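Participant: Which chain is which? The protein sequence lines are P and H, in order. Residue numbering for the first sequence follows this note's numbering, beginning at 1 and increasing consecutively. Residue numbering for the second sequence follows this note's numbering, beginning at 1 and increasing consecutively.
By construction, these hints were calculated from the structure, which means they are not laboratory data. Heads up, none of these hints are tricks.
Keeping only pairs whose Cα atoms sit at most 27 Å apart, straight-line, the calculated DSS-like set for lysine-lysine is:
id, chain 1, residue 1, chain 2, residue 2
1, P, Lys494, H, Lys182
2, P, Lys540, H, Lys188
3, P, Lys463, P, Lys262
4, P, Lys534, H, Lys188
5, H, Lys188, H, Lys18
6, H, Lys182, P, Lys485
7, P, Lys425, H, Lys188
Being a predicted model, the structure only gives us computed values, none of them experimental.
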Amino acid sequence: MCVYPCTPLCPPVPSSCYPSMMAALWTLFWALSVCLLGCAGLTPPQAHNLPPSVGSNSSSSSGGGGLHVDAPMALRVFSLDYHHVQAPFEIVLWIMLASLAKLGFHWSGRVPAVVPESCVLIMVGLLVGGVIYGVRHSAPPTLSADSFFLFLLPPIVLDAGYFLPGRLFFENLGTILWYAVLGTFWNVLGIGLSLYGVCLLAPSSLGDISLLHCLLFSSLIAAVDPVAVLSVFQEMQVNDQLHILVFGESLLNDAVTVVLYKLFESFLRLPSVSGLDVLLGMCRVVVVGLGGLFLGLFFGLVAALTSRFTSRAQVIAPLFVFLYSYLSYLTSEMLHLSGITAIVTCAVTMKQYVEANVSERSNTSIQYFLKMWSSVSETLIFIFLGVSTIQDVHMWSWPFVCSTLLLCLFWRTTGVLLLTSVVNKLRRNAVTFRDQFIIAYGGLRGAICFSLVFLIDDFPKKKLFITTTIVVILFTVFVQGMTIKPLVELLDVKRKKKALPTVSEEIHTRLIDHLMAGMEDVVGYWGQHFWKDKFEQFNKKYLRRFLIREDQQAHSILRVYQELERRGQRGDAEASSVVDPRPPSRPLLPEEMDSIRRILSRNLQNFNKKQTRAYSRHSLHQDVATNRARKPLHRHQSVGGRYTCNTTAPQEDDERLSDSLRGRAGLSRSHTVCTRSSRRTLSDSLASTESQTQSQPENPKPEGVDQTSSDQQHPVEKTPKKQLSFNLENENQQ
Amino acid sequence: MGSRASTLLREEEIEEIKKETGFSHSQITRLYSRFTSLDKGENGALSREDFQRIPELAINPLGDRIINAFFPDGEDQVNFRGFMRTLAHFRPVEDNEKNKNVSNTEPLNSRTNKLHFAFQLYDLDRDDKISRDELLQVLRMMVGVNISDEQLGSIADRTIQEADANGDGCISFTEFMKVLEKVDVEQKMSIRFLH
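Required output: the full structure, derived from the provided sequences and hints.
Facilitator: Right under this line is the structure:
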């Protein structure tokens, strides 16, 4: 069974199954919608026609909740109590609806190529909302701001932060901050002031919108939304730099948005606004941003420290990741700091230490859960956006809405052009005009604006604001979202590099990195390489030693060593000769590439792990280090005793190392474990685990060796337990 | 005290360096002040010890080789001209330079010359080939002591295998350039010498 979620490409399915699967999916989908309708019908407004399908089966009002059976004194054999489970039931149904819609989207042939997922989900939401409205004649349930900010948004941002490509992000951090902070200011002020001008020009309909209201509105509408950007850009596969610029900006402008929004809101409540207040507002931006940052750092480090001690209770290790991140988010929301900044910083900080500390399976669990939760959240957000659009509260005004749309586009474009022309002088890698266009065009608005507009204090024109916000969101997501992909192809924007770098490229690029760091030292230029080196040294000297488990500090190297051993053996057996100094040229197997890359990335003082597809919702980034290493790679019996260990580990570390190795032998398959002391037993344990692999067609040897070694299993008492878990893992991998 | 005066930079020299390396006037003067600050012996030339006094360079795994790259063959001192000549390799390639080609020789900061500089970090014996041993040495310096010789050997073999087009077991400069053709070397190997 394939564990990995399907890639966006349709998996190979015989075409005969296709229509029936589609039919099954759609049936299920509509059945669910009907259920939802029923539930919607069940929850009173009273005195309305209950929908005939499900509602008639149950009574909604009686507390005991039984069927209306005309035998009052008899024992109720069958009863239905909907109220008991109403809240969780409805939530589950909504989530189920969302997920089925998502599934249906991916199975629906040509649609994913043309329409981004967010659009389809919004349309489904519109449909469902419309149906509910038609049935109940009142507004369907809307997305409350609280549930959005507290429950739906954090998983998405956490997922984004955890899989953020660190090196790329920090290399472009200056530019990203430039766009995020200054760009948002520019947009807010521009849109606000020009909207006020529009309001002045049409005093009849828009006369009662004051300047502050305009500024408040522009502060929430100007911000680029990370959820929308993520969902559209992930399908686009533009070059990494462009992606990180847009995406990083959307993440970091939260600080500015939040502050400005709250600022203008509090200004609205104040009798008058003085210059001092404005100045204080500026300070607040800094405080909010930095506060979120430090809070995130703090929680990240504490999480890393906690994960150091989870070796004895590995199952709950992933939980700590989520708990600490969520805690950082909630704490910063409590203090009115920027929650998004906090959670992103927390994720970025704790990632490398947690990954080193927890077991492979916990790592996988963390990654899968993150992807799953963020996926569900995102789907729910878009569906609710659609549903919430159907409301009674709309107020339309052509000049306001149209001018808002136009102004948003206009100010964003000019802002990007202006800022880029300044920042290009300071960057090594200039942002081209095409990239700039995509940055400007890719400024999508999403659910954050939507929730913020609901939080505005009531005033006469609030409904107008709500309507306008919805229109802008729908416009950006639909029009811009759908057309950006063809535009990218039309403009021939540089796309993502598909291939992973070769080993030579890696080595030579590392060499160049070191060279450049050295040159910068000679010149006395505190450039990027300089700071990177400094940070790496600090990291190695203090942080890693403090935050990473002791036996893990050697772990990666040993694992890599064993990988190479295995690879060497396989190369041996295939060539059926001693290791040839010039082995026959064959394309590198992925596992070998990974092991080499892992050696290099762990030992060459380098930040950059691998090219990870960090943004895809549908498949985990191919963290080949963990996943592929565990595929049944053993073609041949690994006889551990053949290779002597060259470790330079001191004698007293041996036992500790061998313990951890023994533990590892069960969990990860690619071992030729050898230590000086326990060479035989470990190799036997490995041999016995080999016996449990599914038979490989090219694997003639294991059976014979198994018999001889199985009786030698007994000295190793720790491994059998691990072998069991190893078995499960084995099956899962198939 | 007297020797200080002889190390002041003369205008003609600045002009010559400008022509040779392409640095601007202010960049040259700034780098000259850096040169003099490194030159503790105040004799107008840098020795290896002067370089080794730079703390971060001492920690750099390739520190020694980088230092060696400054010194032309066999010599122990490098004057300001040589210093600038080496640094010229890392000047960013400006767009307007790509088109005009005033002299016949390639500018020092062209892609080929940048790559050649990196190539020479490997190629100690200057035979225009990176042999397996030379590669192993550099790998060992970069990787540290935690990896066994065997593994390192395999990595080296892979590297040579990927690059070696004519099968001689060494990487020539052309093969080296081919391997790195997808890497944006002009951008990677540039330092922003502030104006």
